[in-house]
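Protein chains: 2
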Amino acid sequence: MKSKAIFYHAGCPVCVAAEKQIALSLDPARYDVEVVHLGTDRARLAEAEKAGVKSVPALVTDGAVYHINFGADLAALR
Amino acid sequence: MKSKAIFYHAGCPVCVAAEKQIALSLDPARYDVEVVHLGTDRARLAEAEKAGVKSVPALVTDGAVYHINFGADLAALR
Chain A
7 MKSKAIFYHA
17 GCPVCVAAEK
27 QIALSLDPAR
37 YDVEVVHLGT
47 DRARLAEAEK
57 AGVKSVPALV
67 TDGAVYHINF
77 GADLAALR
Chain B
7 MKSKAIFYHA
17 GCPVCVAAEK
27 QIALSLDPAR
37 YDVEVVHLGT
47 DRARLAEAEK
57 AGVKSVPALV
67 TDGAVYHINF
77 GADLAALR
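Listed in order, the protein sequences are those of chains A and B.
For reference, each letter of the first sequence is one residue, going 7 to 84 in my numbering.
For reference, each letter of the second sequence is one residue, going 7 to 84 in my numbering.
Read the hints as simulated data drawn from the structure, not as lab findings.
Among these hints, one or two may not hold up.
Identical copies carry no separate label here, and so any pair may be met within one copy or between two of them.
[Unchecked claim] List time: in silico DMTMM-like cross-link candidates among lysine to aspartate or glutamate, alpha-carbon distance up to 25 angstroms:
(1) Lys-8 - Glu-40
(2) Lys-56 - Asp-68
(3) Lys-10 - Glu-53
(4) Lys-26 - Glu-55
(5) Lys-26 - Glu-40
(6) Lys-8 - Asp-33
(7) Lys-8 - Asp-79
(8) Lys-8 - Glu-55
(9) Lys-60 - Asp-79
(10) Lys-8 - Asp-38
(11) Lys-10 - Asp-33
(12) Lys-10 - Asp-38
(13) Lys-60 - Glu-40
(14) Lys-26 - Asp-38
Please construct the entire structure, taking both the sequences and the accompanying hints into account.
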């Protein structure tokens, strides 16, 4: 069964680079990757925050959060 | 042709979690992943530093560095 992986970003250059390299490089046989743009989809800010996301870009999978480099603080997107 | 991806870590819990989740989740059809433990393999510190690694865990691929969460500063491993 595939795991769900959600990649949260905000469209910044740091986010886009990380998305291309990390999120889209995960093994498609094992991961269903969803990409969420928190800058345009603010309705999902609460969900990201609840998952433990502090800044973007971040990857959430199997209940763990991985902050990849630093693009923007989550608070800056509210 | 496969890309090379090097995952640098230092054996800390943050590193090990990121290794399992990120480094080992990359698509094996596209990436040859090498895992380097800088705590035991200090000879590779200079190489990591040259690639732009500031802290571990970090993933270097296609000339770009992705710092994933924060385990230890590279300076602490010297």
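25 angstroms Cα cut-off: does Lys-10 pair with Asp-38 within a copy, between copies, both or neither? both (5 angstroms within a copy, 23 angstroms between copies)
Check: How do Lys-8 and Glu-55 come out at 25 angstroms by Cα distance, when the copy is not named: within, between, both, or neither?
Finding: within (24 angstroms within a copy, 35 angstroms between copies)
State whether the alpha carbon distance between Lys-8 and Asp-38 is at most 25 angstroms within one copy, between copies, both, or neither. both (6 angstroms within a copy, 22 angstroms between copies)
Requested in this report: Evaluate Lys-10 and Glu-53 at a C-alpha cut-off of 25 angstroms and name the case that applies: within, between, both or neither.
Outcome: Within. Shortest intra-copy distance 15 angstroms satisfies the 25 angstroms Cα cut-off; inter-copy 34 angstroms does not.
Alpha-carbon proximity context of Lys-60 and Asp-79, limit 25 angstroms
Classified as both; 6 angstroms inside a copy, 20 angstroms across copies.
*asked:* Regarding Lys-26 and Glu-55, is the shortest C-alpha distance of 25 angstroms or less found within a copy, between copies, in both, or in neither?
replied: both (23 angstroms within a copy, 23 angstroms between copies)
Item to complete: Classify it for me, Lys-26 with Glu-40: is the Cα-Cα distance of at most 25 angstroms met within a copy, between copies, both or neither?
Response: both (13 angstroms within a copy, 20 angstroms between copies)
TODO: Tell me, please, which holds for Lys-26 and Asp-38 at an alpha-carbon limit of 25 angstroms: within, between, both or neither?
DONE: both (15 angstroms within a copy, 17 angstroms between copies)
- [ ] Could you figure out if Lys-8 and Glu-40 sit no more than 25 angstroms apart (CA to CA) within one copy, between two copies, both or neither?
- [x] For Lys-8 and Glu-40, the Cα distance is within 25 angstroms both inside one copy (13 angstroms) and across copies (24 angstroms).
Within, between, both or neither: how does the pair Lys-8, Asp-79 come out at a Cα-Cα threshold of 25 angstroms? neither (30 angstroms within a copy, 34 angstroms between copies)
**Prompt:** Between the shortest in-copy and the shortest cross-copy C-alpha distance, which are at most 25 angstroms for Lys-60 and Glu-40: within, between, both, or neither?
**Reply:** within (18 angstroms within a copy, 29 angstroms between copies)
25 angstroms Cα cut-off: does Lys-8 pair with Asp-33 within a copy, between copies, both or neither? both (10 angstroms within a copy, 13 angstroms between copies)
Comparing the model with each numbered hint stated earlier shows that hint 7 is the single one that does not hold.
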